[in-house]
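Participant: Residues per chain, in single letters:
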Amino acid sequence: MYRRALVTWCQGRSPVVFAQDVCLYYPKSNETANLRVSRTIVPGVCRTLTAGTPLFSKDPDELPSQDATQRRDTKEAERQEEGKPERPGKEKLLEILGQMKVEVVSKKPKVPQEEGRSRPHPAEMESTISMFQEATAGVSQQREKLSPKLVAAASAAAASLPDSARAESELLQQLRRHEAVTQAQKATDGSHIGLSSLRSVRRKMQLGGKRLNIFTQVDAKAKEEVAAVPAPLTLSLWDVEFANTIGTVVNTLPRNGFEEMIEWTKEGKLWKYPIDNEAGLEEEAQVPFQEHIFLEKHLDEGFPKQGPVRHFMELVVSGLARNPYLTVAQKAEHIAWYREYFQSKEDLLREAGAC
Amino acid sequence: MEMTSCCSVFYFRNELAVLQALSSTVQRDPTASHYRFQDDPYLTPRTASEFKLFSLSQESGRNAAKYIINTYPNFFLKDYAEPHIPCLMPESLQPKVTEVCEAGLRELIHLRKVRSAVDMYDRLLQAGTVVSLELTNNLLDLICFYGDQDPVQGDQAEPEKTAEGEVVQDPAPRRKEGRFRKSDSLHRTWRKDNNAERIFHLMPERNERSYGALIRGMVKYGAHSKAFDLYTDMQNNRMAADVHAFNALIAAAPEVRQKYSEKWDLIAEMLKQMNKLGVRPTLLTFNTVLKSLLRCGPLSRALVLQVLGEMKALGIEPSLATYYHILVAFYRQALSPSTLSRTMLTTDLLHSMMDEISGKVFDALDPDDVYFFNYAMNICCSLKDLGLAYRVHSLLNVGDNWKLLGNPSREGFYYGSLFNLVCMMENIGVVLQWYRDLVPSLFYPNSHTMRDLLQALDADNRLDLIPEIWKDVKQLGLATVSGDLAEEVLALMARDEHSPEIQESFANCALAVKAVYGHGEQSQATLDFTASALCNMATILLAAGRTDQAWEILQLFKANNRVPSEKLLDEFLNSAKSGSNSEQAVTLVQMSSSFSLPATARLAQRVEQEFDLSEEQKKALQDVEATSDSDKD
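Chains as they are written, first to last, in the UniProt record's numbering: chain A, 1 to 355; chain B, 1 to 633.
Simulated from the structure, these hints should not be mistaken for lab results. Some clues are possibly wrong.
In silico lysine to any residue, SDA-like type, Cα no more than 25 Å apart, as pairs [unchecked claim]:
no., chain 1, residue 1, chain 2, residue 2
1, B, LYS577, B, GLY545
2, A, LYS266, B, LEU365
3, A, LYS266, B, ARG36
4, A, LYS210, B, GLU262
5, A, LYS210, B, GLN306
6, A, LYS210, B, LYS291
7, A, LYS269, B, ALA21
8, B, LYS403, B, GLN38
9, B, LYS78, A, GLU284
10, B, LYS259, B, GLY222
11, B, LYS471, B, SER417
12, A, LYS272, B, LEU22
13, B, LYS403, A, THR265
14, B, LYS78, B, PRO90
15, A, LYS266, B, ALA65
16, A, LYS210, B, PRO298
17, B, LYS360, A, GLU263
18, A, LYS269, B, GLN38
19, B, LYS403, B, SER24
20, B, LYS276, B, GLU208
21, A, LYS266, B, GLU59
22, B, LYS272, B, ARG238
23, B, LYS618, B, LEU554
24, B, LYS312, A, ILE246
25, A, LYS266, B, ASP79
26, A, LYS266, B, ALA81
27, B, LYS514, B, ASP472
28, B, LYS384, B, HIS351
29, A, LYS269, B, ALA81
30, B, LYS403, A, GLY268
Just some of the chain A residues that point at chain B, by a computed CB distance under 8 Å [said to hold, decoys possible]:
no., residue
31, ARG211
32, GLU241
33, GLY268
34, LYS272
Think of the CB as a built atom: it goes at the ideal place given N, C-alpha and C, for glycine as much as any other residue.
Hey, can you work out the whole structure from these sequences and the hints?
Facilitator: Right, dumping it as structure tokens:
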């Protein structure tokens, strides 16, 4: 429990407590609430982030806060002002550098607050580097190139770390890299230093910069040709099963009634919105209404032209014409049934005199 | 006056637009259970096991209904629905065509009956009919996909028929299962005397599809080198494999080479051949490349980003599975138990990745997509980066990305790790906000999580919330899982002094905790009293001024063979003193001697000095002292 450990640890000493600007992403909204949460942070990785304090104030004579640190109250949230404004003196920069190293809060309780450079704790290399990264955002921006003394400072710092060669090159690289950053920050108001600048300071991993260069680029014409070829119409078993696998793995259970209705619509169990009461009757729509109504043509053959049978059949036809529930085929089927029936009973009808 | 007719064309993008618009207005209700349980309040799951049980039983009910409809189709023939709903009609699972002909074979293939299809094919060949190439290819697809065995059909698992013909069956419930399960596919291997190979060799002519089917089947069932041999065959016959066969070969490549560099060389070789033949790679190709790259040891880190670059150069949008593989390549050491490697890694890569994909809507295009969120959250937890965790979580809220979280157990892991991180890093107000939001509608915490929550309460001095948390613990069914939570709760409550109202609520809570111990109802698991638990309970009750109940607890020590601590006895003495109850004091000393505590003498002395004792009491005390002296000697 990091927070608890730090709270108890901090109660005894006069350590440096840093404020962290945290962008809180609340779950339901997309806006970021920039709260200043004064939290002590995990020991070992200390970010000397500051926000709101004018790190890059234009006043070159502002004293560094070394004295201020000693006066600081340990219990409240403090802001460590490590970024120092432009001081032409290189010594000041070195002091700053030294002080920044001083601020590495390691698990060991001694936090040297001496003036000038003191040896950094053998903290984990990564923490120093990261702290250094962030802190160099506060370094003066008046440097055009790396001064030899800064280089010397970097190498001295690196010497105390476990892997000195790598640390040294890292530190120097960082310094060089942050020239551009600090130059850019020169013109901006210092109070905007927040997470955004630190993100640019963070080593940005290039996602997808280099290529394998195996595949040749498809030119536009070839793309058209490819697009013109229709996709295979038949899905093989593999495709179907692949789609099934994805379906089982993904969570598609509906979260509310509307999503459930969406599922049902896709399955075909629910009418589609907006409701069209001719849904499902596409073939019926092709049949013109005349064929439903004018059914006399079915009476032309197979039935006598006159007599009770014909009369009866005309009644049947007029009834069928008014029937909206049968398809034309079903109506024709009805009439055909009657045709057969009367033809089978023909001798009976002739005997009764109705044919 | 001119009448202008304005006809407003009002159309919908598709038939789901109305419902989608409506569902976008509805948010999740954190106080309600998941939608599928909202039929009956009695059946709202309260613990994780209940959740699982209820969802499985829902699914199993659906499967049982489907099974009944399919087994007795004659009862379900009347079709009331207009328009016709095909999915509610019984499906015929038995083949209708009985004679030996191509149509029969087609039907058997459609019904996924592998053995019968092979039989039918053999009979057709014996009868001398020429089976068309396409049909043979379909048959090959079927055999290769199922590894030459019949698929296990989940809703028809071996019913045992009783005498009346009823089917006694317990359909294995599985969430959203398809009709056919290939659960055994991992255990099957490609046998040597295979029907697929046999039919393949019998075929008078084979095309790319036949080769492709066989290669894919071989790779799926573990015959990797054979797949490569077949591929060489194809090349000799100057046939071009299609993209799926290439994907399968790339997946098989790490298996047929030993050294990491050789593995990568083979993969690159395959890709180059794809390019030469003009086969365009797809998203799945690159995802397979990444997956195989993860088996190539240290090469993976360097090459994985280059593969991503290649994808982008070709205009293929990466899916979440792509990003997942990249994360694994970089962070799998961080998540391994050795702490040395942990410190070397930063969250830079994940940050850059989130920069790229924040706000995007992802479709499920690859079965590995669902691993991304859990892995990313795991990384955030290990590297203790809360802002990054929030970014990952916000990606989940974009569009339909929530579906890519996978099944409920995966969701549970994800929210569990998110909540753990929040407990560690945020102040108590935010923690409680998250707690109310997530629990129990999204996940059911385990005892580890509850302990984190208790520690967060402690760190921020909000111990007054402990009774509420204990109520939640009981409801979640975590109280009796292991004694740790109860002990922790009691210890936290007993540790410090608090204001009277809080002590009162603590006392009530302590009594509630006491109910968890001891003999509960028969069906419940109970815990045994421990000494520390009893001590803490007594301390709490004393602090709240409930001396009678505290004395009851004291009796429990003897009953459960536990020894009270001396500090506790001191406290009891103090309370007896404040109540001027010398009887109790003497009883205390006697009790302490019965436990043979070394502090007996001191306690006796204290009682003599501080209390007004009657003659019998003094005598009793002297007896006690005598016995304790004799014990010492």
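Participant: Evaluate each hint against the coordinates.
Facilitator: For each hint, the structure was consulted:
1. B:LYS577 / B:GLY545: OK: B:LYS577 and B:GLY545 at ~13 Å, within 25 Å.
2. A:LYS266 / B:LEU365: 19 Å, holds
3. A:LYS266 / B:ARG36: Within the cut-off at roughly 18 Å; holds.
4. A:LYS210 / B:GLU262: Roughly 22 Å between the alpha carbons, so the hint for A:LYS210 and B:GLU262 holds.
5. A:LYS210 / B:GLN306: Given that 25 Å is the threshold and the Cα spacing comes to 5 Å, the pair holds.
6. A:LYS210 / B:LYS291: Given that 25 Å is the threshold and the Cα spacing comes to 19 Å, the pair holds.
7. A:LYS269 / B:ALA21: 20 Å, holds
8. B:LYS403 / B:GLN38: Holds. B:LYS403 to B:GLN38 sits at ~20 Å (cutoff 25 Å).
9. B:LYS78 / A:GLU284: The hint holds at about 22 Å.
10. B:LYS259 / B:GLY222: 19 Å, holds
11. B:LYS471 / B:SER417: Holds, at roughly 22 Å.
12. A:LYS272 / B:LEU22: 14 Å, holds
13. B:LYS403 / A:THR265: 19 Å, holds
14. B:LYS78 / B:PRO90: Satisfied, since the Cα-Cα distance of roughly 11 Å is no more than 25 Å.
15. A:LYS266 / B:ALA65: 20 Å, holds
16. A:LYS210 / B:PRO298: 18 Å, holds
17. B:LYS360 / A:GLU263: The given pair, whose Cα atoms are some 24 Å apart, holds under the 25 Å limit.
18. A:LYS269 / B:GLN38: 21 Å, holds
19. B:LYS403 / B:SER24: 15 Å, holds
20. B:LYS276 / B:GLU208: 17 Å, holds
21. A:LYS266 / B:GLU59: With Cα atoms ~19 Å apart, A:LYS266 and B:GLU59 stay inside 25 Å; holds.
22. B:LYS272 / B:ARG238: 16 Å, holds
23. B:LYS618 / B:LEU554: Since the Cα atoms of B:LYS618 and B:LEU554 sit roughly 22 Å apart, the hinted pair holds (cutoff 25 Å).
24. B:LYS312 / A:ILE246: 24 Å, holds
25. A:LYS266 / B:ASP79: 20 Å, holds
26. A:LYS266 / B:ALA81: With Cα atoms ~16 Å apart, A:LYS266 and B:ALA81 stay inside 25 Å; holds.
27. B:LYS514 / B:ASP472: 16 Å, holds
28. B:LYS384 / B:HIS351: Distance ~13 Å between B:LYS384 and B:HIS351 Cα, so the pair holds.
29. A:LYS269 / B:ALA81: 9 Å, holds
30. B:LYS403 / A:GLY268: Since the Cα atoms of B:LYS403 and A:GLY268 sit roughly 22 Å apart, the hinted pair holds (cutoff 25 Å).
31. ARG211: With a closest approach of 4 Å, the A:ARG211 hint holds.
32. GLU241: Holds, because the Cβ-Cβ distance from A:GLU241 to chain B comes to roughly 6 Å (cut-off 8 Å).
33. GLY268: Because about 6 Å separates A:GLY268 from the closest Cβ in chain B, which is inside the 8 Å limit, the hint holds.
34. LYS272: 4 Å, holds
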